[in-house]
Every structure is written in structure tokens, then in C-alpha cells.
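2 protein chains.
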Amino acid sequence: MLSGMMATRSTRQRDVITRVLHDAEGPLGVADVLDRARTDLPALGVATVYRTLKLLTDQGRIHPVTLDGETLYEASGKGHHHHFACTRCQRVFTLHTCPVALPSGTVYPGGFIVEAHEVTLYGQCPACAQAS
Amino acid sequence: MLSGMMATRSTRQRDVITRVLHDAEGPLGVADVLDRARTDLPALGVATVYRTLKLLTDQGRIHPVTLDGETLYEASGKGHHHHFACTRCQRVFTLHTCPVALPSGTVYPGGFIVEAHEVTLYGQCPACAQAS
DNA sequence: TTCTTTGCAAAAGGTTTGCAGATGA
DNA sequence: TCATCTGCAAACCTTTTGCAAAGAA
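Taken in sequence, the protein lines are chains A and R. Number 132 marks the last residue of the first sequence (the numbering used here); no jumps. Number 264 marks the last residue of the second sequence (the numbering used here); no jumps.
Quick caveat, the hints were computed from the structure, so don't treat them as lab data. Be a bit skeptical, because a hint or two may be false.
[To be verified] If you want the footprint, here are the derived chain R segments under chain A, 3+ residues with CB under 8 angstroms:
#, stretch
1, 180 to 187
2, 198 to 207
[Said to hold, decoys possible] Examples of chain R residues toward chain A, derived with CB under 10 angstroms:
#, residue
3, 219
4, 221
5, 239
6, 241
7, 263
Glycine residues also receive a C-beta, built at the ideal position from the N, C-alpha and C atoms.
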């Protein structure tokens, strides 16, 4: 056998991890994924979480988001969006409107050719704003 | 002696590291800082770089920027700005124009009160664009 | 059955800490 | 002088990898 082709099997671990990310209200870190997935799979190992996160990322089904130095993962296919990090409760929310108009190909001052952009807003989420 | 007060000395290591960050064209990672500083201080140790970076951060003289999962540091006091990460050469540049109009206090759709924002653009830097 | 995936434990990679000697004030 | 700072090495923590057993097809 010469080919590098290999099958990708469906397993309980992968299904659970995928569901955990889809059900999340925002991006999750490795520890969050592990905790939530262990509700269904108590024996789940960290290595499997890392391997699955990498697999799903390579397949484009999820993607990493770096926030405050931590790498979080969220399900893909939710369209173009950004994040709002609450400075009070620390939760991360998904925003569905975009505050910048920078289509791919835009030439930014200085001669930088923009292919993509990321925006993160910081402040008080609705709940914290009301509580204060 | 009861107080937690303690002196902070000026040392060659701190001076060099501070200068390296001020002279940089954009935020630098720990390895970058170490490499550049070793031009002047060949025996500089990693631990000193980490300790100094932490010290300068606590003093507000520099601040961390997280980009693609890596923590970079840049001198403070350069005013409001954002970053451009080149997808070809991986270098990070500082942008002096801001693509969003979100003054502190702005209420974003959904009821989010914006206090600050971060924008990172990805694409080809001038040098890489010309080379391609 | 056969080849992939998992869990465990060891290995790696990066950051922090303890300590004795060097150094700034 | 003497408390702070530095370099080294050990300790830590997080992520990756090797391997034998478990599991999907």
C-alpha cells in the first residue's frame, strides 16, 4: 500500500466533542470542552480532545479563536462574525454585525493588502450593564 | 520592616530589553526580544526576559498583544493603533489608522456597551505583495 | 478481520521559580 | 555594604507523540 489516503471514522468521542462545540454559547477552551464532554464520556482523555480539535479544525468544521492569550474553539459555518468579551463577567459573546468595511482585496493605508480581519470588542454585556 | 515596598533598579538587561521593544517595528515575541537583546548582552537568560517583560507590563510601560495564539509585547504610549499580520512572512506591523468608529460608550447592536476594541488585519504586507 | 482511534504515559515545548553569586545604589 | 537582579537549572503546565488495547466498518 502506497497511498497516504486514510479513512476518518465516526466515533462516540468525536460526536460528543462536536456536539459540545455546537451547543456552546460561545467559543470554548480545551478544559471547557473536556469538562463538558466528560458528562457523557467520563473516561475521555485530554489527548483525544486535542487530536479531535485538530482534526475538526483541519476539516474546517471548527476554528480557533485566540482571546487574551487563550485558544478557544468554535463551530464554523456561523457566517462572518466577531466577538464581544465582557470585562465584568468574562464571558465571550458572538456578534452578528460587523463594524468594519474591509472586503478582501482592500488596500489599506501603507500598502497592506487585506485578506481578512478580526475584531474584538470589550465592555459590558447587556446583563452586566443592567446589573451595574 | 513591614511594608511591601521595594526598590526597582536600573540594570543593563532592563535597559536593553526596553530599548529593543521601543525600536521594534511592531510587537515582538519572547524569542525575538531575546535574540535582539543578545546582540548587546550575549549571556542574557530567558528567565530575565520573562521577568523583565512582566515587570514592564506591571509598570504599564509595555503591554501584551495576543496574535494567533502567541503573546507579543509592544511599548505603550504609541496611541490608539491596530495590527497587520502578514500571511506570507508572518511579520506583524503596527497600523496607525483605525478602521472602526466605536468611541468608548457606544452601544453596539444587542445592547453591548463598548469600552474598547481590537482589530487585526491579515493579508500581504507591502514587501510580500511586491514580491509575489 | 483490518485498520483507525483511544487512553495512558512519556516526551516536548514554553514559562516560572529557587537559589547562589553578581551587581547597582 | 546589602538588598535587588541575574543566570542556571529544576519545576511546572500545556500540548504532542508512541504504543498496545479497544472499537468501527
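Each hint tested on the structure:
1. Residues of the stretch 180 to 187 of chain R with a Cβ under 8 angstroms from some Cβ of chain A number 0, which does not satisfy the need for three, so the listed coverage is violated.
2. Using a Cβ-Cβ cut-off of 8 angstroms, 5 residues of the stretch 198 to 207 of chain R lie near chain A, which meets the minimum of three, so the contact claim holds.
3. With a least beta-carbon distance of about 6 angstroms to chain A, the hint placing residue 219 of chain R at the interface is held under the 10 angstroms criterion.
4. A least Cβ separation of about 12 angstroms between residue 221 of chain R and chain A goes past the 10 angstroms threshold, and the interface hint is therefore violated.
5. Among the interface hints, the one on residue 239 of chain R holds; its C-beta lies about 9 angstroms from the nearest C-beta in chain A, closer than the 10 angstroms criterion.
6. For residue 241 of chain R, the interface hint holds, since its Cβ comes within 10 angstroms of a Cβ in chain A; the closest pair sits about 5 angstroms apart.
7. With 10 angstroms as the threshold, the beta carbon of residue 263 of chain R stays out of range of chain A, its nearest partner Cβ sitting at about 12 angstroms, so the hint is violated.
Hints 1, 4 and 7 from the earlier list are contradicted by this structure; the remaining hints agree with it.
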